[in-house]
Amino acid sequence: DAGVIQSPRHEVTEMGQEVTLRCKPISGHDYLFWYRQTMMRGLELLIYFNNNVPIDDSGMPEDRFSAKMPNASFSTLKIQPSEPRDSAVYFCASSFRQGAFFGQGTRLTVV
Amino acid sequence: AQTVTQSQPEMSVQEAETVTLSCTYDTSESDYYLFWYKQPPSRQMILVIRQEAYKQQNATENRFSVNFQKAAKSFSLKISDSQLGDAAMYFCAYRSAVRTASKLTFGTGTRLQVTL
Numbered sequence: 001d002a003g004v005i006q007s008p009r010h011e012v013t014e015m016g017q018e019v020t021l022r023c024k025p026i027s028g029h030d031y032l033f034w035y036r037q038t039m040m041r042g043l044e045l046l047i048y049f050n051n052n053v054p055i056d057d058s059g060m061p062e063d064r065f066s067a068k069m070p071n072a073s074f075s076t077l078k079i080q081p082s083e084p085r086d087s088a089v090y091f092c093a094s095s096f097r098q099g100a101f102f103g104q105g106t107r108l109t110v111v
Numbered sequence: 112a113q114t115v116t117q118s119q120p121e122m123s124v125q126e127a128e129t130v131t132l133s134c135t136y137d138t139s140e141s142d143y144y145l146f147w148y149k150q151p152p153s154r155q156m157i158l159v160i161r162q163e164a165y166k167q168q169n170a171t172e173n174r175f176s177v178n179f180q181k182a183a184k185s186f187s188l189k190i191s192d193s194q195l196g197d198a199a200m201y202f203c204a205y206r207s208a209v210r211t212a213s214k215l216t217f218g219t220g221t222r223l224q225v226t227l
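So the sequences go chain by chain: A and B.
Heads up: the first sequence at position 21 corresponds to 21 in the numbering used here, and the numbers run straight through without jumps.
Heads up: the second sequence at position 81 corresponds to 192 in the numbering used here, and the numbers run straight through without jumps.
There could be a bad hint or two in this list.
[As the list claims (entries may be wrong)] Listed next, the in silico DSS-like pairs over lysine-lysine satisfying Cα-Cα at most 25 Å (straight line):
(1) B/214 / B/181
(2) B/166 / B/184
(3) B/214 / A/68
(4) A/68 / A/78
(5) A/24 / B/214
(6) A/78 / B/166
Hints are computed from structural coordinates only; laboratory data are not their basis.
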């Protein structure tokens, strides 16, 4: 298995633009997590899905953030409009039981 | 809500020596899982070791082992025969065994430096 695949690996965008991050979980996994990592706040759970259904989105910082999981093999995290304070590394992770396996992350820079 | 605390922001160990990283957690649940993740400079999050709360035996993976003290809610990671490649951030994590509340909660991390 190729593991969790995230795209793009790096994204630089201007403030106010829409940003879409993509994730392909490991086949057969029924949980998918979106995390954000910054030096100041560490690893923050934004939202997680179980069987494509959002379970807890209390970590989504604002209405500018939205996430979808239209099927078991794909999820997106969208920021619209983006702001400089959204600059961070965004991780997607998936699991079936117990521990989660992470993608390599997307480093987002909003200028 | 469950919380995970790593009280050591930074640790240092000499190559070939042993180091122990501390982690405590707070929960009212009896069934859960605990993990240690490693994040090297490449920023990839790597699952190092896992422990099921219902198992009394401490988990071991090669040079990595844990000391799980359920009553004390403590879950430390021991790295034996430290290698330069062990230098990384280490995160302790908690996950409920309740399928409907199964998010993964992380501590703030411990940065491990390995010296010659």
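Each hint, compared with the structure:
1. B/214 / B/181: Roughly 20 Å between the alpha carbons, so the hint for residue 214 of chain B and residue 181 of chain B holds.
2. B/166 / B/184: 14 Å, holds
3. B/214 / A/68: Since the Cα atoms of residue 214 of chain B and residue 68 of chain A sit roughly 17 Å apart, the hinted pair holds (cutoff 25 Å).
4. A/68 / A/78: Holds - the C-alpha atoms of residue 78 of chain A and residue 68 of chain A are around 9 Å apart, at most 25 Å.
5. A/24 / B/214: 19 Å, holds
6. A/78 / B/166: 40 Å, violated
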